[in-house]
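Build out the structure end to end from the sequences listed, making use of the hints.
Those protein sequence lines, which keep their order, are chains A and B. Taking my numbering, the leading residue of the first sequence gets 1, the next gets one more, and so forth. Taking my numbering, the leading residue of the second sequence gets 1001, the next gets one more, and so forth.
If you are wondering where the hints come from, they were derived from the structure by calculation, not from laboratory data. Watch out, some of these pointers could steer you wrong.
To be verified - Just the calculated beta-carbon pair ranges, DEER-fashion:
(1) B:ILE1223 x A:VAL106: 28 to 38 Å
(2) B:LEU1006 x A:VAL44: 45 to 55 Å
(3) B:ALA1259 x A:VAL106: 37 to 47 Å
(4) B:LEU1468 x A:TRP107: 51 to 61 Å
(5) A:ARG35 x B:PHE1216: 54 to 64 Å
(6) B:GLY1271 x A:VAL105: 30 to 40 Å
(7) B:LYS1444 x A:PRO31: 34 to 44 Å
(8) A:VAL105 x B:PRO1270: 36 to 46 Å
Glycine residues also receive a C-beta, built at the ideal position from the N, C-alpha and C atoms.
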Amino acid sequence: MIWLALALCLSAWTLLCLAMDRHYAQVYAAPRSSRHRIRNMRAVGWMILALSFVLAVLASGWAHGPLYWLGGLTVAGAAVGAWLLPYWPRALVPAAWLLPLLAAVVWILRG
Amino acid sequence: MVERGLRQSMAWLHTWTGLLAVWLLFLIFLAGTASYYRDEINRWMRPELPRVQVDAVSAVNTAVRYLQQHASDAQNWYITLPDARSDALYLYWTKPDTDNPNASREDQFGTATLSALGDKSTVRDTLGGDFFYRVHFDLHYIPVVWARYIVGFCAMFMLVAIISGVITHKKIFIDFFTFRPGKGQRSWLDFHNISAVMGLPYHAMITYTGIVTLMFMYLPWGIQARYGEDSDRFYAETTSFIDEVRPAAGHPGPMLPMAQLLQLAGRQWPGVALRAVQVQHPNDANAVLVVQEHTGRKLSPYGASMALDATTGAVLKRSGEPDGARVTHDVMIGLHLARFASQPLRLLFFVSGLLGCLMVATGAILWAVKRRPHHLKTGRTGFSLRLVDALNIGSIAGLPIAFASYFLANRLLPLQLDERAEREILVFFLTWLAALLAAFIYPKRAMWTAQLYAGAIAFWLVPIVNGLTTQRHLIASIGAGDWPLAGVDLMCIVLGLGLGLAGWRLQCWKAPATRKRASSAVAPLPRSQARTQASA
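Below, the structure is given as C-alpha cells:
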C-alpha cells in the first residue's frame, strides 16, 4: 500500500502542475486548458494529495506514514519538475497513470 | 547597506550566509547523506566479516571472551550488538588510565570490531562508513570541540539561508514546478529553487534536528542555571542512559555467566531486543551489567536501560519513563539519525539528502554565474570570483573524487599496514586537497570537466577493484540476494554515471556567442566577445 501512496504523490503533482497554464503548454499543443478542466484538475489533484497521505498513514502508521508522504512528495516533485517536465514532457501523464496502476497491482498480488 | 525592502535584505542575507558556509556545508551534506547507509558501507568495507545473524547471547559471549582476553582490567566494556543491518560486534572499552588527562588516547580506551561468530577472521583495520558519519560533525584533524562549533555555525547559517531563501523567493508557488534548462543563469536559479522548495520539509528538518543533536553544547546555560557545575546530574535525571551505578570495590569478584545474566534480564523485559550491553567494572566485586533496548522502528533512538548486579543478577536500576520534553528532544534526534527507517524509507531520505547536496552546489555555482558578466566586462577575473570558482571546482567536483578514493583505498591499501584506518582517511583528504590545488591553479571550465570525469572514473573503478580484490563483489552480492551490500556497488555506478553525464554535457557546452557566430555569416567578433570566448 505504501508504494501506491508514493505513486499517487506523482499523480497529484502531475495534476496540480498541468492545472498551471505554463506547464500545460509544455505538455500539450494547446496554450491552456478550459477553465472547467483546470478547476477539476486542481480539485482532483488536491484530493489525490490527501488520499496519498491517508494511504501512507494506513500503511505505515502515524510515525512513519507522514515521513513516507513527505519523502514521496519531495522525490516525486523533483522528478516532475526537474526531470519529466523539461526533458520528457510526453511521459508525464502516462507515468501519472502507470505508476499507481503498477503499485495497485503489486498491492493486490502481494497483499 | 542601502535602504532595502524585506525581500532584498533577505536576498542579501541568503547570499552571504549561504556563500560563507557553502563548501563546508557541501562536505557535511555529502557525508551526512552517505551516512544513511553507514551500516551497509561498514559491511562493504569489511568484506572479511561473514554475513550472519546470531542471537544476542552468542554475540555477547563472543564479545566477552575477546574482552576477557584483551581488556580484563578495563573500567568499562561497551558492546554494540549486530542487528538486521550490521553484522559486526563493535567493542569499546575504557582503560584504567581513562581519567588521566596526560595519558595518550591509546592508554585511555580501546576499540575492536569482531565477527559475531567469533571466528578467527582478521578484519581489516578501517573506520568504514563510520568515517562519513563522524566527519560530518567532528570533521577531522582538529579537536572535536572546535569542529562541532564550526559545524554548528555552518548549520545555523544554513537555517538562516533556508528561511531567508523562502522569504526572498517571490514566486514560490508560481515557479513551483519551473525548471528551464539550457538558459544559463536562469537555469541555475531554477534548479536551485526547485531542489530547495521540493525538499523544503527535509532540508528544514535535517538542519534543525542536526543542531538539536548538539544543542546542550551550543546552549549550555539552561543546565548551568539549574544544576550549576553538576551537569552530570542533569543527564542522569533525564536520559535513559545509566551512568556508573556504583564505584568499583577494588577487589575482584566472579561475574555470573553472560547467558544467565541475559536470561534474567530477558525475564524483566520479555520480547525486547537488545541494542547494546555495558559492563561496568568487569571482574570487580561490584561489577554491573547494563542492557540497552533496541528501538527498532521507534522514532526515538534511545531505548530504555536496565542495570543488573553482575555477581548476583539482581536488578539494581531501571531508566525512567521519559517526559514530554525528553521525548520531543529524542524524536528530533531520531529524525536526524533515521535509525528507524526501513529500506524504502531510507532510500527516500537518501535521495532527499542528494537533492540537498545539489541545492547547495547549485547555489554556489549560481553566485559565480551571476558575478561573471561583471568581471568579463573589465576583461579580467577579480580575486573573489577566482576564489569562488576554485573552491567550487575543488569541492563540488573534487569531493566526489575523494569519496570514491576512500572506497578504493579500502580495497587497495595493504591489509597489514600500520594505522590503516587513518591512512584511508588520509587518502580521502589528500585527494580533496589535490582537487582543490588543481582547481586553484586553473579554475576554468576545462578543470570542471576534468574533475567531473575523474570522479566518474573513480566511482566506476570501485566495483571493478572490488571484484578484483575481494570475494564480495557485485555479482556475488546479487547472487546471494544481498541487496544492501550490492547497493553500495550499484550506487557507485549510478553516481559515476551522473558525474560522467555532467562532465560530458560540460564538454559539449558552447558559449552563446559561439553558437550565434556559427549560425550567422563570418563576421569578426567585437573585442569584448572575443575575450568572453577566451576566458570560457
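Status of each hint after checking the structure:
1. A beta carbon spacing of about 51 Å between ILE1223 of chain B and VAL106 of chain A contradicts the range 28 to 38 Å that was offered as a hint.
2. The hinted range of 45 to 55 Å is not satisfied by LEU1006 of chain B and VAL44 of chain A, whose Cβ atoms lie roughly 36 Å apart.
3. Against the hinted window of 37 to 47 Å, the Cβ-Cβ separation of ALA1259 of chain B and VAL106 of chain A comes to about 43 Å, which satisfies the hint.
4. At about 42 Å, the CB distance of LEU1468 of chain B to TRP107 of chain A disagrees with the hint of 51 to 61 Å.
5. The beta-carbon spacing between ARG35 of chain A and PHE1216 of chain B, approximately 56 Å, falls within the hinted interval of 54 to 64 Å.
6. A hinted range of 30 to 40 Å holds for the C-beta pair GLY1271 of chain B and VAL105 of chain A, which are about 36 Å apart.
7. A beta carbon spacing of about 42 Å between LYS1444 of chain B and PRO31 of chain A agrees with the range 34 to 44 Å that was offered as a hint.
8. Distance hint check: the CB atoms of VAL105 of chain A and PRO1270 of chain B are about 40 Å apart, consistent with the given range 36 to 46 Å.
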